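Participant: Sequence:
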Amino acid sequence: MVRFIMLTSHAYCIIFWPYLFNRHTTCTSVYSSKYGFQRTLPECHLLLLLLAFCIASELHLHTTQTAVLKVDASLQHARQIPDTLFGIFFEEINHAGAGGIWAELVSNRGFEAGGPHTPSNIDPWSIIGDDSSIFVATDRTSCFSRNTVALRMEVLCDNCPAGGVGIYNPGFWGMNIEDGKTYNLVMYVKSPETVELTVSLTSSDGSQNLASSTIPVSGASNWTKLEQKLVAKGTNRTSRLQITTTKKGVVWFDQVSLMSADTYKGHGFRTELISMMLDLKPRFLRFPGGGNRNAFRWRESIGPWEERPGHFGDVWHYWTDDGLGYYEFLQLSEDLGAAPIWVFNNGISHNDEVDTAAIAPFVKDVLDSLEFARGSADSTWGSVRAAMGHPEPFPVKYVAIGNEDCGKKFYRGNYLKFYNAIREAYPDIQMISNCDASSRPLDHPADLYDFHVYTDSKTLFSMKSAFDRSSRNGPKAFVSEYAVWRSDAGRGSLLASLAEAAFLTGLEKNSDVVQMASYAPLFVNNNDQTWNPDAIVFNSWQQYGTPSYWMQTLFRESSGAMFHPITITSSYSGSLAASAITWQDSENSFLRIINFGSDPVSLTISATGLQARVNALGSTATVITSSNVMDENSFSNPNKVVPVKSQLSNAAEQMQVTLAPHSFSSFDLALAQSKLVAEISRCEAETLETASLHVDYSVARRMPDTLFGLFFEEINHAGSAHGYSLSLSLSS
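Quick note: the sequence shown uses the working numbering, first residue 136, plus one each step.
To be clear, the hints were calculated from the coordinates, so they are not data collected in a lab. Because the structure is a prediction, the values reported are computed rather than measured. Be a bit skeptical, because a hint or two may be false.
So the derived label-pair ranges between C-beta atoms look like this [unchecked claim]:
1. 513 - 218: 28 to 38 angstroms
2. 490 - 518: 32 to 42 angstroms
3. 518 - 556: 52 to 62 angstroms
4. 396 - 198: 21 to 31 angstroms
5. 769 - 369: 25 to 35 angstroms
6. 406 - 512: 26 to 36 angstroms
7. 626 - 209: 36 to 46 angstroms
8. 434 - 530: 13 to 23 angstroms
9. 251 - 512: 49 to 59 angstroms
10. 214 - 434: 37 to 47 angstroms
11. 765 - 410: 55 to 65 angstroms
12. 515 - 333: 40 to 50 angstroms
Listed below are the simulated DMTMM-like cross-link pairs for lysine to aspartate or glutamate, each with C-alpha atoms no more than 25 angstroms apart in a straight line [claimed, not checked]:
13. 416 - 258
14. 400 - 470
15. 780 - 407
16. 383 - 293
17. 780 - 414
Glycine residues also receive a C-beta, built at the ideal position from the N, C-alpha and C atoms.
Can you make the complete structure from the sequences, with help from the hints?
Facilitator: Below you can see the structure in the form of structure tokens.
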């Protein structure tokens, strides 16, 4: 498959300040922080990414620039890109997990969000009725030792309203309840007297009843687990769960969960959001990120969901019940076919640090976490994983020792403690340092180093050459967080995506020293826009990709591909960036180009060294552009800036194309049958064994000239097997 990618951009006159901010701080820093058998022969693909970006004056706003792009697609000058180059980073930010990819509909399901001291705030739970009919308060009577808070509801009315009184939960800005779908309700209840509870899914004001069921609760002093399936008889995007009764008395509630029966692979993930992740073909999943004082405690996030205490994220300021825990992240990695990258707390947060002299318990905790993931089902922590339903180990081969902690007082000392302990226990694990080694060597051992960049579009475009002069020895770079942000990013602009695409071509070019890269943040719930922009925007029932998301889809074939050198000749070359790749595919072959310049560009493309001729019939052009460089997608217009595909009738090894301003153009060139096929056939013919067959010509009749042909498929070692040829002796 041949792919060239090129980007152009309109003249955009604006002053950019080259801020490169560490996303979790206010400090500035320049470098901050398989395949399916469908066809016969593997076909070669070449991807050329060409990006042009320009801040131009009004004097040449409408000038058509000219450029010549030469690609050397020969195998002798090719270099393989790491299989892991592009992946995704998931962080619990913007309610990406709680109220996002994790399909739990109840917010604060265990009543723990208000803290361990009671009475406490039960938000977003609220009452149905008034102060004269119902009284609710938290107490510490839960049957779960790790989350002791429960809710006590006392019904005061002798003659309660017909609909009853009780409590309701609106979920995360409204529950999306859809007609015909089944929802699984689980809750723990205790009542000293027999009572009937009505559980319902209603509209936000309770006026529309979508599903309802009455559940009897036997009077007892012990907690009872109740389970009920609710089938919706209507659709409402901002629904709520309500629990009511008409009987006077006291009822306790704890761990109230509601989830759709339709989650991805039954693993609890929201299917449509996982689908968008899958479309990126991520090679790794980095998680969970962040630098909270209330760090992600992996062992508190495993085991039965009812027993998980949850935690408050002090950086992004919201509560999560940790239904999406360490085990679920590992499962998600497996579901995505991505390598898990476990970012663990190294005793340092943005607010405080653990002295290296006291770090030993933290080191043991991390070793236990690795045993949970990788240990046998007979090991101490591996047996816990097996009990959760996954007897086979998870292949954790990468860990990051902290996040954005380089330069802090105890980082180096703590890092070495973790590094040495992990290297001894798991010598195959690749360890990632927080310290940038792109311009100077590290003072500690590492397999990879972290590189974060958040900056304006002009600066990020210029950073396509950031790794050109990096040492080719030592640890590889992991660009684990990159994005354009601030004023020229908006909530995800075309401009931002073009600069990011240019930056990625530089990472491909330097993929001998850059091993991994991921955009950040990945998700934002539209109701919690703490950080903008993001790749995927969603609410309870909708989702769309920003231009930065769609840009990444044009790089999803890069991991494991072959990189080829290119040259650009133009007076406009300062506004152009390019990369070229080839890869193997079981379908048609393609050539793609991304164009990233400020003026229209008349581009001459010359590709040499291709393994087959270009077939125009199957070639296409895909373009991402819009009328305004600051255009964004939205719920009302989710496809304003998306890839648009058309036929490329003039596709050839030498061809002329016009690159639209402010565009990301991908020209996919289909290749004819590879010359490799003919060579294989010739070699096999020279080694074939022979046999003889006598034919009686007197009873012959003429067959069509085209009756039989050859079909070669590289299957069952066909390429190296010996066949038989027939030598015919004809007689009259």
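Participant: Take a look at whether the Cβ-Cβ distance between residue 765 and residue 410 falls inside 55 to 65 angstroms.
Facilitator: Violated, at about 28 angstroms.
Participant: CA of residue 383 to CA of residue 293, is that 25 angstroms or under?
Facilitator: holds (6 angstroms)
Participant: Are residue 396 and residue 198 spaced within 21 to 31 angstroms by their CB atoms?
Facilitator: violated (59 angstroms)
Participant: Could one say that the CB atoms of residue 513 and residue 218 fall in the range 28 to 38 angstroms?
Facilitator: holds (31 angstroms)
Participant: Given the hint of 52 to 62 angstroms, check if residue 518 and residue 556 actually sit that far apart at their C-beta atoms.
Facilitator: This hint is violated: roughly 22 angstroms between Cβ atoms.
Participant: Taking the CB of residue 434 and the CB of residue 530, does the distance hold inside 13 to 23 angstroms?
Facilitator: Given about 20 angstroms between the Cβ atoms, the range holds.
Participant: Residue 780 and residue 414 were given as a pair; does the straight-line alpha-carbon distance stay at or below 25 angstroms?
Facilitator: Holds - the C-alpha atoms of residue 414 and residue 780 are around 17 angstroms apart, at most 25 angstroms.
Participant: That 26 to 36 angstroms hint for residue 406 and residue 512 (C-beta), does it hold up?
Facilitator: holds (29 angstroms)
Participant: Does the Cβ distance between residue 515 and residue 333 fall inside 40 to 50 angstroms?
Facilitator: holds (45 angstroms)
Participant: So the hint says 25 to 35 angstroms: do the beta-carbon atoms of residue 769 and residue 369 match that?
Facilitator: At 27 angstroms between Cβs, range holds.
Participant: With the threshold set at 25 angstroms, check whether the alpha-carbon distance from residue 416 to residue 258 stays at or below it.
Facilitator: violated (38 angstroms)
Participant: If I claimed the Cβ atoms of residue 490 and residue 518 lie 32 to 42 angstroms apart, would that claim hold in this structure?
Facilitator: holds (33 angstroms)
Violated hints, listed in ascending order, are 3, 4, 9, 11, 13; each of the other numbered hints is respected by the structure.
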